[in-house]
Amino acid sequence: MSAATFPLVFASDELRLLTGLVIGILFGFILERAGFGNARKLAGQFYLNDMTVFKVMFTAILVAMVGLFGLQAVGLADISSMWVNLNFIPAQAVGGFLLGVGFLMSGLCPGTSVVSMVSGRIDAWVTFGGIFVGIALFTLTVDWVPGLLALYQAGSGEVSLLPAVMGVPPLALVLALVLGATAAFMGAEKVEGIFQRRSSPVELTPRNRPGVKLVVGGSLSAVVVLALALTGPRPDLPPLQMASVAPLSLAQSLIEREPGILILDLRADPEAERGIPGAVPADVESALGLLSNTPTRTTVVVYDENGRITEAPAGWPRALDYRFVAGGLSGWRAEVLTPAEPSGASLAEREQVLRQNQISAFFSGAAVQTVSVTAPPPAMAAGSAKKKKSGGC
Amino acid sequence: MKAKEYWNPYVAGVALGLVLLGAYLVAGNGLGATALPKRSLAVVGSHLAPEWTAHNTVLKSYVANGANPLRDWLVVEVMGVIIGGFIGALSAGRLATKVEKGPNISVRGRLYFAAGGGVIMGFAAALARGCTSGQALSGGALLATGSWIFMLMVFAGGYAVARLVRREWT
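Chains as they are written, first to last, in this note's numbering: chain D, 1 to 393; chain G, 1001 to 1170.
No lab work stands behind these hints, which were simulated from the structure alone. There's no promise every hint is true.
Unchecked claim - Pairs of lysine to any residue residues, derived as SDA-like cross-links and limited to a Cα-Cα distance of at most 25 Å, are as follows:
# : chain 1 : residue 1 : chain 2 : residue 2
1 : G       : 1060      : D       : 13
2 : G       : 1060      : D       : 148
3 : G       : 1060      : G       : 1043
4 : D       : 190       : G       : 1008
What the hints assert, rightly or not - From chain G, some residues computed to sit far from chain D (all C-beta separations above 12 Å):
# : residue
5 : 1047
6 : 1050
7 : 1066
Using N, Cα and C, we set each Cβ at its ideal position, and we do this for glycine too.
I would like the entire structure built from these sequences, with the hints used as guidance.
Laid out in structure tokens, this is it:
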């Protein structure tokens, strides 16, 4: 088990709210300095003569992304206990498109309209009034306009992160995005050059300084590579010894649907015999992709045919808690799937046997189906169980 | 006083990224904007029609168990944006009561577009559970799948109507 430093835990709710004020002030100030209090400047993005929106937004996304995934890789940050937007893809796609349409009509988005309002822009006050009306319109209609509620609620409603969807280590994707975006920034400035001959960007826009994006892109890449180096397999580290878990106690956890358990089936031939319900078949290599996307507080239980794997393979993230099933699958078969012989005279011993037989009946009888079908994917259960923070925009 | 030049976009981007990173590390939350109008609506609703508000799909979670809808990190954060934006505009000499518009549109026409765009955005942000800040920027940094789709669709929507509203801006 590991307890990451970030996000911070506050002694009182007031203190945490106060950090929101400070961060908001900085957010507003920077939006203003970027030029986002000016609707004409923002609209320039869509007439290709001023790509400031794209540059600022993507640079910010990359910086925060490198920081978050870098700190997670070295065990300082725990992304699974932060608020992540849940997956409601149809609503996000339709809402995104409409927001883009409204964005260009207003020249402002909700956040920038606030900055523009306090800069004194009348169009921003009108926009913000419109936003309020639009939210009210959705709120008033969502429960009775046919199809709207279905669109609003369609989708898994779970946390879904791209590295897990694509099956790649997070830092590899982050590095690819940093390099791709740096190339895109160069392309954006080429496009700006062409369209600025037709119409120039708004007053006060600084001239392009080609070196800056290379310095930013280069430094971010360097940070990612450093984080990768710090997490990669280090030959001088002693092998990570796993603790064992008794098949019966694992069975008990499965019946109680304890969150935060990921079971990996590391047998050479997972098809040979039915494995432990809910286990993910994997080999040492393919498990790596899965584990690097697993929340840090997850208990990873592995098993092979007969419990020979007792050390975590080199390169597996060391922040996770690893256990091996004592005796492997044969241990599971012997302890969980085989009813115990009635033995022992004392009441406690007989209760123990009875309990064992209940567990055994659960996994070898009809109940097996229910467990393997309805049990949520363990890694996800760990992530969503802790979500308590407010989300949205 | 002559207004200051805007920051280099990459410098502004790095600064914004550090603030976003700070928000996640300190409070475990991203940045947002529509939380304030949305939760204000919950306050209005709970006074005018408490029964309806308590059962509305969007608002019910804000008023559950007698909670104060405005006691929320994102609401306080937007209040900060109001202060920070004002300090920014004041210190850069950019405070001015005026309408930003292209040369080929009347003030009235521009304000109609601003209002219409605002209504569409409010509806869209409520539907998508977030706006450019909450979905695209914050969710984008965490590589949330739906947020990336949202972000691509925002750009698609903007470019789709760019030709239609050309007179408003150029």
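List in ascending order the numbers of the hints, as given earlier, that are violated by the structure.
none
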